[in-house]
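So the protein lines, in turn, are chains A and B.
Going by numbering that gives the first Met the number 0, the first sequence opens with residue 0, and the numbers climb by one from there.
Going by numbering that gives the first Met the number 0, the second sequence opens with residue 0, and the numbers climb by one from there.
A hint or two may mislead.
Each computed BS3-like pair below joins lysine-lysine, with the alpha-carbon atoms no more than 30 Å apart [said to hold, decoys possible]:
#1 B/K247 <-> B/K101
#2 A/K60 <-> B/K491
#3 B/K101 <-> B/K287
#4 B/K287 <-> A/K43
#5 B/K382 <-> A/K60
#6 A/K60 <-> B/K487
#7 B/K163 <-> B/K491
#8 B/K101 <-> B/K240
#9 A/K43 <-> B/K467
#10 B/K136 <-> B/K382
#11 B/K240 <-> B/K382
#12 B/K102 <-> B/K247
#13 B/K240 <-> B/K102
#14 B/K163 <-> B/K487
#15 B/K102 <-> A/K60
#16 B/K101 <-> B/K382
#17 B/K488 <-> B/K163
#18 B/K287 <-> B/K240
If you're looking for bench data, these hints aren't it; they were derived computationally from the structure.
From a predicted model like this one, the values you see are computed outputs, not experimental measurements.
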Amino acid sequence: MTRLNVNQVLGLVLATFAVLYLVLAFQIPQFALPRPIDSDHFPKVLGTSLLVLSLMLFLEKPQARDIPDPVQSREEAALPAWQRPWARVIITFLAIAAYAALLVPLGFVLASMLLAVGLTVYYGYRRHGITLIATLGVVLGLYLIMTRVMDVYLPTGLLPL
Amino acid sequence: MESLNNLIYGFGIALSPMNILYVFTGVFAGTIIGMLPGLGPISALALMIPITFAMDPSSGLILMAGVYYGAIFGGSTSSILLNAPGVAGTVATSFDGYPMAKKGQAGKALAIAAYSSFVGGTLSVVGLMLVAPLLSKVAVSFGPAEYFSLMVLGLTAVVSLSDKSLIKGLIAAVVGIMVSIIGIDRQTGTERFTFGSAHLLDGVDFLVMALGIFALAEVFYMLLRGGGGKEQPRNAIGSLKLTRGEVKEIAGPMTRGSILGFFTGVLPGAGATIGSFLGYSMEKRLAKDGDTFGQGNIKGVAAPESANNAACTGSFVPLLTLGVPGSGTTAVLLGALLVMGVTPGPAMLQDRPDVFWGVIASMYIGNIFLLVLNLPLIPLIAKILDMPRALLLSMILIFCMIGVYGLNFSVIDLYLLLAFGLLGLAMRLFGFPAAPMILGMILGGVMEESMRRALQIAGGDWSVFVDKPISLWLLVIAALSVFLPLIKKAIKGLRLRHA
């Protein structure tokens, strides 16, 4: 068996998703009064369209632009594992998840400072004084504009702001 | 005459001190965000939306229009200085803008970009003023069937004109619509795809998706592809002055580019990118020195720049009169308007003349600000490009977070943002266009509603969409926009096989 090309893999993944979507669409309950077009109608149309499109994608020949080129260059392979491109994405992802969890207990200013300063240092910027001043300026500025001028509530957390 | 009176009324609104401040803020912030490679008008608008939460709709839209203009202009700045267009709409500018910068004429190229943007913007605002009321008169007669077909056309046009795979574009649009119907069905009260989550009952906010698949995905992509964070060398700016001969030389290209750009912008799906390429290639053909295009010809900067700004304004026509955005960017604008409680459409001219004419007037003012305040500040603003990338990325993240959290004060939205960020990254890596998805997301709800209303009126008979002539034509054009490229490809394939 030949290996599947990138569009075929994507097509299969999307088709699976479309089938699951259709299964859910068929479980949408009927409205008590019969009407020509109920809530399940549109989702069924959408699910079917997606299924057809993913099968078409399966048949489409992949172009060069569709295939992600290998990310890692030799230069990057020499980096420590935690600084390689994919590690940067994953760590940023985790940092944002942590931010979401800590936003309310720590408060906007503290959590945002931690996120911005932490990531800037992690991405490799070494002038910590500038990092601190710039992030403090932006975060505090945003906080004051949002809470004092726009009346948008942001969690205060630990700081008595 | 009526238009003129209305415009004066609009200026009255736009010229209030607060609104002038908003236009300036918008143009300035838009320029900065648009200048950052990778971040275009969609990200700029999405990042600025939270600022408009507490504003009244006309001020909010005035700010947004400024951001849009500024972002396009900022994109040309990075095209000229770095050969790294921030947006697709300014790619054509880099063809001659960057060679000019290499010859030490960056300042001149930037000045031409600013003048051309100004001319393009101003001429097309006149066009908007004339065309929009006419179109909205036609659109008043549209019933739900026509609206549904119009939205189908809007989606297929955006998909077929993107440079990515047609099928992938359609898939993105369908998935966008799927996201839009999550939550309680407003007509029946039935829950759909909420998986028991109380948070999802209200549906997914478009801003969460827009910031996720554009801004956050772009940050992820830069982390993946940005390399070791080496900064590109930037060309010095030099003098901003133009000679009288040069002004004369670019006058023609600017005017033609503006007119062409405006009409391209009005068409669904076309917009700034196509407008600027058309403007560029038209001038290249018309010019006597067409062979020097690409080596730093000033006409090669003037034409695409006037065309892309004119197209931006042109794309406001379908947005304001039909309530159907013709591009990802105007879709985000539509989302912003809906958040503020304004529903654009044929009735808007009557119901909210303050918004309609206020925006048109603020476009004039935005153009003037772009020229008078932004241009002299360019050497200063360009310093942003020297800002360390690490710091920049963290700041963009903070902006995303505050925007998303400020929507519902819910941490769940932040997790959704992350999910959309990953989705956007995957889409970029595998060549799926993101604009159709956001368009589908914003149009999905209205699309379903008009489909249902049309079918309910017709007693469930699907032929209602082809029985009405306008609706039928819109659908035919939509089908052509999808199938023509496929048919062309098939014919080409056959010819190759026979050759």
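Against the structure, the hints:
1. B/K247 <-> B/K101: OK: B/K247 and B/K101 at ~24 Å, within 30 Å.
2. A/K60 <-> B/K491: Between A/K60 and B/K491 the Cα gap is close to 15 Å, so the pair holds against 30 Å.
3. B/K101 <-> B/K287: 23 Å, holds
4. B/K287 <-> A/K43: 57 Å, violated
5. B/K382 <-> A/K60: With Cα atoms ~44 Å apart, B/K382 and A/K60 exceed 30 Å; violated.
6. A/K60 <-> B/K487: 16 Å, holds
7. B/K163 <-> B/K491: Roughly 19 Å separates the two Cα atoms, so the pair holds.
8. B/K101 <-> B/K240: Roughly 17 Å between the alpha carbons, so the hint for B/K101 and B/K240 holds.
9. A/K43 <-> B/K467: Holds. A/K43 to B/K467 sits at ~25 Å (cutoff 30 Å).
10. B/K136 <-> B/K382: 47 Å, violated
11. B/K240 <-> B/K382: 20 Å, holds
12. B/K102 <-> B/K247: It holds: about 21 Å lies between the C-alpha atoms, which stays within 30 Å.
13. B/K240 <-> B/K102: Holds, because 15 Å separates the two Cα atoms, which is no more than 30 Å.
14. B/K163 <-> B/K487: 16 Å, holds
15. B/K102 <-> A/K60: 43 Å, violated
16. B/K101 <-> B/K382: Holds, because 18 Å separates the two Cα atoms, which is no more than 30 Å.
17. B/K488 <-> B/K163: Holds, at roughly 14 Å.
18. B/K287 <-> B/K240: Since the Cα atoms of B/K287 and B/K240 sit roughly 24 Å apart, the hinted pair holds (cutoff 30 Å).
Checked against the numbered hints listed earlier, the structure breaks hints 4, 5, 10, 15; every other hint is satisfied.
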